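Residue numbers (this note's numbering), protein chains in the order written: chain D, 14 to 269; chain U, 315 to 669.
None of these hints come from the bench; they were simulated from the model. Computed from a predicted structure; not experimentally measured. One thing to keep in mind: the hints can contain errors.
Unchecked claim - Cβ pair distances, simulated, as ranges: (1) U/T632 with D/D100: 22 to 28 Å; (2) D/R36 with U/E561: 30 to 36 Å; (3) D/R36 with U/E601: 53 to 59 Å; (4) D/A228 with U/E561: 50 to 56 Å; (5) U/R656 with D/G165: 30 to 36 Å; (6) U/K325 with D/D100: 32 to 38 Å.
Think of the CB as a built atom: it goes at the ideal place given N, C-alpha and C, for glycine as much as any other residue.
Single-letter residue listing:
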Amino acid sequence: MKRSGDTGVLIVDDEAPARSILREMLSTLPGVRILGECANGFEAVKAASELRPDVVFLDIEMPKLDGFEVAELLDPGIAVVFVTAYDSYALRAFEANAVDYVLKPFRAERLAAAVERAQARVGRAHANDRAAVLAAARPPGTYLSRIVVKDGARVHVIPVEKLDLAEAQDDYLRLKSEGKSYMKQQTIGGLSAALDPERFVRVHRSYVLNLDRLARLELYSKGSYIAVLTDGSRVPVSREGHARLKAMLGPGDSRR
Amino acid sequence: MSALHPILARKGRLGPFLAATLPLSAVLTGLLTRPGTFTVAEAFSLALPLALVSLFLYLSVWYTSRAVPLRGGSLARTAVTHAVAAVVTTSVWVLSGAGVARLLTPLWGKGFPSRFAAQVPVLFSTGILLYLLSLALHAVLLAFEATREAERRALELQVLAREAELKALKAQIHPHFLFNSLNSISALAGTDPAKARSMCLYLSEFLRKSLALGERKSIPVKEELALAKAYLEVEGLRFGARLSVEEDVESDGEACLVPPLLLQPLVENAVRHGIATTVEGGVIRLEARRTGNRLRILIENPCDPEAPSRRGAGLGLTNVRRRLAARYGPEALFAARRLADRYLVVLSVPAQVAE
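Construct the complete structure from the given sequences, taking the supplied hints into account.
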C-alpha cells in the first residue's frame with residue numbers, strides 16, 4: 014500500500030511491453046508509487062476499487078472493456094491519464110475529464126509532466142457524470158452499443174439490445190435487462206442522449222423504453238397511458254411520451 | 315441522355331443539318347411539279363418552307379424512339395405508337411403546307427390553296443415516307459450513342475477498379491501499428507535489448523516488403539505469407555502469449571499468384587479485431603491450398619463473442635472485396651463469417667501461376 018504523501022498509480026494496458034515501459038519510467042519519478050498493473054478493463058476496475066490509486070494510466074484499445082468504459086466506472090476522485098497510440102481519441106479523452114493524454118511512444122519527461130498535472134489535481138473530483146460526457150463526445154451518428162455497470166468490484170456489460178427499460182431513481186438509474194436489475198450512477202437524460210433514438214424512447218420523465226419490448230399501450234386516464242411490456246410489466250407514459258411513441262410506431266402498428 | 319435532341323444540342327451540327335433543306339426542297343419541288351399542277355416556281359415556293367418545317371418536325375421521332383425503343387418492349391406497342399406518331403406528325407406537316415399555300419395566295423392567285431388541296435395525298439404519303447426515313451436514321455443514331463455510352467461506362471469501370479486497388483494499397487500500413495510497435499521497441503530497449511533489436515529487424519522487413527510488393531501487379535502467395543509472418547512476428551512481441559500462429563500451406567497453393575497485399579488487411583483484422591479484443595488471445599490460422607484450378611485461402615482468428623461489432627474491420631473487408639472484384643470479376647468468391655468465438659474469412663480465386 015502507498016505511504017501518505019506519495020501519489021499512488023495504477024497501470025492498465027493489455028500489452029506487456031507497454032506496461033513495462035510505463036513501470037520503468039514511473040518508478041524513477043520521486044513521490045510516485047506503483048500500486049499495481051492490470052492487463053484488462055475488468056481487472057482495472059476491480060484493482061482501482063481495492064487499491065484506491067490517485068492516478069490511473071489507461072490504455073484505450075483493450076479487450077472486453079475499453080479505456081473509456083473503464084474511465085466511466087472509476088471513482089470520480091481518481092485522475093485518468095490516457096496512454097495510447099491513437100491521437101484520434103484526444104477529443105473524447107478531453108471530454109472524459111482526463112487529466113492528460115499521452116501518445117505512444119513517449120519520453121520519460123512527457124510522463125513526468127502527466128504525473129505532475131495529476132498530482133496538482135489530487136483530491137479534486139475529476140468527473141461528475143463521466144458517462145454523460147463520454148456520450149456527448151461520441152462521434153455523430155453513432156450510438157452506445159453496450160452499457161457498463163459497476164456492482165462492487167464486479168463489472169456487468171449490458172449490450173443495448175438486451176436493455177429493456179431504464180428508470181430514474183434519484184441520482185441513479187435502474188437498468189432492467191433479461192429479468193435482472195442493475196443500478197448505475199447516471200442521469201436518464203445522459204443515457205437517453207447516448208442511445209439510438211430509433212430503438213429507445215423516453216416515454217416519461219423517468220423512463221426510457223426499448224421499443225422492441227413494447228407489447229401494447231393502454232389508456233390509463235384521460236390523456237395518459239400505460240405501456241405494457243412483453244414481460245407483462247407496466248410503465249407510465251406521459252403525454253409527450255405518448256406523442257413520441259405514436260410518431261415512432263407509425264400508423265400501421267398494432268401496438269398504438 | 316439529355317432532353318434536347320443531339321443535333322440541336324451541339325452548335326456545330328446545326329449548319330450541315332440546315333443545309334439538308336436544299337436537296338429536300340429539290341425533291342419536293344420535283345414531286346409537286348410532276349403531275350403538272352404547279353409551275354416550278356410555285357412548287358419551289360411551297361417546297362422550301364415545307365422542307366424546312368419537315369426537318370424540325372421529323373426530329374420529334376427521336377423522342378418517340380426513345381420512349382418506345384425498337385429493340386426490347388413489345389412489337390405491337392412499338393408499331394402502333396410509331397403509326398400514330400407518323401400520322402400525327404405528317405398531318406401537322408401537311409397542314410403547315412396548307413398554311414403556306416394560304417399565305418402565298420396573293421402571289422399565285424385565288425385558286426392556289428385548292429390546287430394545293432389536290433396534292434395533299436401525294437404530300438401525305440411523302441410525309442409518311444419522311445417519317446420512316448427519320449425513324450431509320452434515328453435508330454442508327456441511338457445505336458451509335460448506346461455504343462459510345464457502353465464504351466464510356468467500361469472505361470469508367472476500369473478507372474474505378476484501378477482506384478480501388480490504389481486506395482486499398484494506401485490503406486495498408488496503419489500508423490497505430492507503427493506507433494504501438496515503436497512503443498514496444500522503446501520498452502524492450504531498456505529490459506531486453508536483443509529482443510528490441512529483433513523487433514526492429516522484423517518491423518523493417520515488414521515495411522520494406524510492403525513497400526516493394528505494392529509496386530507489382532501479382533505476387534506468389536508465398537511472398538504474401540512471408541509478409542504476413544513478418545507482421546505477425548512484430549505483433550507477437552506486443553501480444554506475447556496471446557498471439558500464436560498456425561499455418562497450413564501447401565506448395566501448390568504457395569505458388570499461385572494473387573494481387574499484392576491482398577491478405578495483409580485480413581491478417582491485420584485478425585490481430586486488431588481478433589487477438590486484441592480477447593483477454594486470452596489464441597491462434598491465428600492461415601491456410602492456402604490449390605484444388606484443381608482454384609486457389610483457396612482461409613484466415614481464422616479468435617474473437618470476443620460479446621464484442622458488439624468489428625469497428626473498422628468493415629473497411630478492410632470492403633477493400634479486399636473490391637480488389638478481388640476488380641481483378642477476377644465474378645470468378646472471385648469471398649466470405650467472412652463470425653462463428654461464436656471464431657472469425658473466419660475464406661476467399662477462392664482462379665489459380666494462376668507465373669509463366
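Hints the structure fails to honour
3, 6
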